[in-house]
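Spelled out from the first residue to the last, the chains are:
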Amino acid sequence: MNSYDTIVIGAGHNGLICAAYLAKQGQRVLVLEASAAPGGLASAREFHPGFKASVAHTISHFSPRVVEDLQLQSHGYQPAIAPLPTIGLNLDGEHVVIGVDGVTGVSDDDKSSYLRYRAAMQKFARALEPFWMKTMPRIGNNSPGEMLTFGQLGLRLRRLGKEDMLEFLRVATLPMRDLMDEYFDNKHLQAALSWDGLVGSKLAPRSPNSAVFALLYRMLGDHNGGHAIPGTGIEGLINALLNAATAAGAQVRLNAPVTKICISQSEDGQQATGVELADGEKITATRIVSCADPQRTFLQLVGARYLEIEFANRIQRLRCEGYVAKLHLALGDVPSFVGVDRPDGRMIIASEPDALEFAFDDAKYGAASENPVMELVIPSLQDASMAPAGQHVLSANVMYVPASPKGGWTDAARSALLERLLTTLERHAPGLRELVLHAELLTPHDLESLHHVTGGHWHHTEFAVDQLLMMRPTYEAAQYGTPIPGLYLCGAGSHPGGGLMGGPGFNAAHEILK
Amino acid sequence: MTSEAIAHNDPFAGERLKHSHFHERQAPMNLRDAWSSWNGFKFADYYYDAEYEYFCIRNTCATYGICPMQKYMISGPDAVAMLDRMVTRDVSKLKVDRVTYVCWCTDEGRMVDDGTIFRLGEDRFMLTCGSPCLAWLRKSCLGFDDLSVEDMTERYAALSLQGPTSCATLLTMGLDGIENLKPFGVMHFPFNDASLMVSRTGFTGDLGYELWIDPSQAIAMWDALYAAGEHHGIHPYGEAATNMARLEAGFIMPDMEFSEALKTIHFQHDQTPFELNLGWLVDFKKPHFNGRRALLEERDRGPRYTLTKLDIEGNKPAEGAILYSGKRCSKEIGYITSAMWSPSVKANIALAMVETSMLDREIWAEIYYQKELRYYRKVARCEVKDKPFWAPARARATPPPAF
Ligand SMILES: Cc1cc2nc3c(=O)[nH]c(=O)nc-3n(C[C@H](O)[C@H](O)[C@H](O)COP(=O)(O)OP(=O)(O)OC[C@H]3O[C@@H](n4cnc5c(N)ncnc54)[C@H](O)[C@@H]3O)c2cc1C
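Chains W and Y supply the protein sequences, listed in that same order. With this note's numbering, the residue at position 293 of the first sequence is 293, and numbering never jumps. Numbers in this note's numbering are just positions in the second sequence, counted from 1, shifted up by 514.
Do not take every clue at face value.
EDC-like, lysine to aspartate or glutamate: derived pairs with alpha carbons at most 16 Å apart [unchecked claim]:
#, chain 1, residue 1, chain 2, residue 2
1, Y, K653, W, E310
2, W, K364, W, D354
3, Y, K777, W, E310
4, Y, K800, W, E267
5, W, K187, W, E267
6, Y, K841, Y, E897
7, Y, K777, Y, E897
8, Y, K892, Y, E880
9, Y, K841, Y, E876
10, Y, K800, W, D268
11, Y, K899, Y, E876
12, W, K111, W, D181
13, Y, K799, W, E94
14, Y, K653, Y, D592
15, W, K111, W, D185
16, Y, K899, Y, D874
17, Y, K799, W, E267
Keep in mind the hints are simulated off the structure, nothing from the lab. Here the structure is a predicted model, which is why all the values come from computation and not from measurement.
Pulled out of the complex, with its shape left as it was, chain W reads as follows (with noise of 0.2 Å):
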């Protein structure tokens, strides 16, 4: 039996960091992974032979000051140095491009739009900036801590100057249909730029609700909400994290999967004191911190009967049904898009906002979407290492895909779907079949059981106004501690959120270091 002072269930990319700002302040820490491969869903995994993939294949937000703390350059990681273009295709090859510094493709109108959106929008994001790196004020306590981050955020506010806070408050919880209307005329145009608002949630372009949070939550990060994927790809990010967990002592552990929490019970109340493994194997430790989604880490790892009931509960009802699924191709050679170069940018494969809202319908009444919407890239063209020479990956995003449709995930079902995806990549990119070697499909159900993330949920659990901030994942657990003494959360269903962004980690780590 060893003891730690921090066990870290989980090494996806927050539970690594958590270990690395741990154990740079001299913790003994371990951390205990289920899989094969760090990294969570951004591990890279050989999907055939020779091919690689990773579930997560940009980047948007990862913290820069994630970046400078942990020194991840020297460990290994290379920033991307521009942004990818974002392509709206268009089946006459008339595309829509979003770049750095404007859009082509539409009219004159919708490019001077697209600059105000676009100042408009940074400018809400810099105000809410601040908050994502931050532990989230506990309702009802009002220490002076905490009543400053709350000042702070209303000083932020203020400070946009009265017409743009009220324009703020006005759009933060607009539905992306209505924001889109509002500035755009080009179909197109609004499809792309709703992307970002709503993949990773069960929204449509018509649901209000966190859209427009997702947004400029996703604009934090060096390129202003441009997708990039690193020199080193993903991999080299989460190689990066992982050799800054260890060279600052932290143990990684794979292939260990955590069954149980163990938590001690007297007169003095509850601790969490260890962890069990899959093998019987105990270790204990002063505390266990958990990457795993709450669903997984309260009902499954430390057991409802050890919780109060109406927090078991409310951790019971929190929304971790996934939409996302994920197709990995691997092709012959690099495969040509109608009236696209080369393509090295991140396509969007949805032709107006109601193309979107019909393929969540579909979903929405449990079944896959009739006419799947996606976003893909082609990683291997930005690192060469992920297929074979000369040879190629396709990674795209489908929505809307359910975890649990009506009649279950069948073979049938899951052909049929496959079958409707290639036939709509074919449409954009004619011969693209002829190229494919192998194709993998991941729906939710899958990246549940691949990754160990209840539905498998971008985010771990939904993010929606009602489990964002103070209230993510529900209150009684937001500021990273639980109700158990001794067990913290510190992964993506934490404030702030999912993505590779860090700050679930980074704000577990120095709640912990308090």
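Here the structure of chain W is known, so what remains is to put chain Y with the ligand in place on it, guided by the hints.
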């Protein structure tokens, strides 16, 4: 439930009050047709005269239908652990065929309800309470898979028999050995083809029992009981007499002493067990139960209000009165929750919520009372009482005194 009263083609059939298993016998005895309702059942407020019924409880014996009281059977290997996490008391210590009084709280330590738990087997418990509790039980079961919860409310015919001659009545009825049943104990007797369960429990603070039987035997049991009680002064009583008896005993009533936490709108309009003077029900030796952390804080900080027994000068019941720290009524320190002139104690008694920090000071009640439509005001001095107003030795004696 009997349904003769519900006519064919009644457009309001689903809205009418249900009849309890004893209704057939109770209805003709309700000379005043003084019905109210409880959990959707037609329920006697009183039968003839509330004071008369109260005196039956205190001097002979009387029956009170508890069919509308909620009854849940919780069985299975996880039953004890589930209940132990839900209620504040240690249920694991409860022996088979024993009953315990419990309360349960929200995560914030606010009282959801109180009730009793009967341990009917190693893994079989019956929970009784005043208001429906199934939703809370279901929530409480999350994480406890090896158990079942059944709503037994309508599957038991249950009758409370209270008063000094209650034991004698049961003996006359043929329940040999009942005199040896200790308070909070349970015994089982054959009755026709059924099993009659008797617990020494009640809500009057007096000697008394509760009888539990299959609904098919309800009328037969009633008849046997009333035949046996004929010379022991047996009489039915209703809600009004119950309320008098329970106040003398110092028992709390929902919607009078406390608001069920799940039903309040204002977050401070509910109570903790400490405020209700039920701290003795909270067992901090247990490592985990719902509300433990909040209750620990409450215990250490001390409750803002404390439910207090008051003996008030004069004879004007202090119903609804506000309490003050001085005769001039300038500083409010609490309010009366229930009040009455107690015929047995011969005192003007009340339960009241009083600011804990003011308990050792003077307490004055501002009482309004009416005489032939005219209101009068009186400010009366209150004295704090620690013991229940009514706690006769026979309530605890085993065997109880014979009649
Ligand atoms: C289809 C899809 C596509 C996505 N694409 C992108 C993208 O392009 N860009 C982007 O920024 N974000 C993307 N995301 C979101 C992003 O991948 C996640 O939000 C992020 O990876 C979450 O990181 P994490 O460290 O919090 O948790 P995870 O990466 O989920 O890591 C949790 C880790 O805990 C481990 N674990 C769980 N339970 C146990 C246990 N009992 N014992 C041991 N280990 C355990 C898991 O194996 C896993 O390694 C995508 C998500 C999905 C679902």
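Going down the list of hints, with the structure as the test:
1. Using a Cα cut-off of 16 Å, the hinted pair K653 (chain Y) and E310 (chain W) holds, with the two alpha carbons roughly 7 Å apart.
2. The hinted pair formed by K364 (chain W) and D354 (chain W) meets the criterion: a straight-line CA distance of about 15 Å does not exceed 16 Å.
3. Restraint check for K777 (chain Y) and E310 (chain W): satisfied, since their Cα atoms lie roughly 15 Å apart, inside the 16 Å limit.
4. Our distance criterion of 16 Å between C-alpha atoms is met by K800 (chain Y) and E267 (chain W), whose separation comes to about 6 Å.
5. Among the hinted pairs, K187 (chain W) with E267 (chain W) is inconsistent with the structure: their alpha-carbon atoms are about 64 Å apart, more than 16 Å.
6. Between K841 (chain Y) and E897 (chain Y) the alpha-carbon distance is near 14 Å, which keeps this suggested pair within the 16 Å criterion.
7. Restraint check for K777 (chain Y) and E897 (chain Y): not satisfied, since their Cα atoms lie roughly 32 Å apart, outside the 16 Å limit.
8. Between K892 (chain Y) and E880 (chain Y) the CA atoms are separated by roughly 6 Å; this keeps the pair inside 16 Å, and the hint holds.
9. Restraint check for K841 (chain Y) and E876 (chain Y): satisfied, since their Cα atoms lie roughly 9 Å apart, inside the 16 Å limit.
10. With a C-alpha separation of about 9 Å, the suggested pair K800 (chain Y) and D268 (chain W) falls inside the 16 Å cut-off, and the hint holds.
11. At most 16 Å may separate the alpha-carbon atoms for a hinted pair to count; K899 (chain Y) and E876 (chain Y) meet this at roughly 13 Å.
12. Straight-line distance between C-alpha atoms of K111 (chain W) and D181 (chain W) comes to about 14 Å, which keeps the hinted pair within the 16 Å bound.
13. Simply put, K799 (chain Y) and E94 (chain W) have alpha-carbon atoms about 73 Å apart, too far for the 16 Å limit, and the pair is violated.
14. At roughly 14 Å between alpha-carbon atoms, K653 (chain Y) and D592 (chain Y) fall within 16 Å of each other, so this suggested pair holds.
15. The hinted pair formed by K111 (chain W) and D185 (chain W) meets the criterion: a straight-line CA distance of about 10 Å does not exceed 16 Å.
16. Taking the CA atoms of K899 (chain Y) and D874 (chain Y), the gap is about 12 Å. The hint holds against a cut of 16 Å.
17. For the given pair, K799 (chain Y) sits about 5 Å from E267 (chain W) by alpha-carbon distance, which is consistent with the 16 Å threshold.
This entry does not satisfy hints 5, 7 and 13, going by the numbered hints stated previously.
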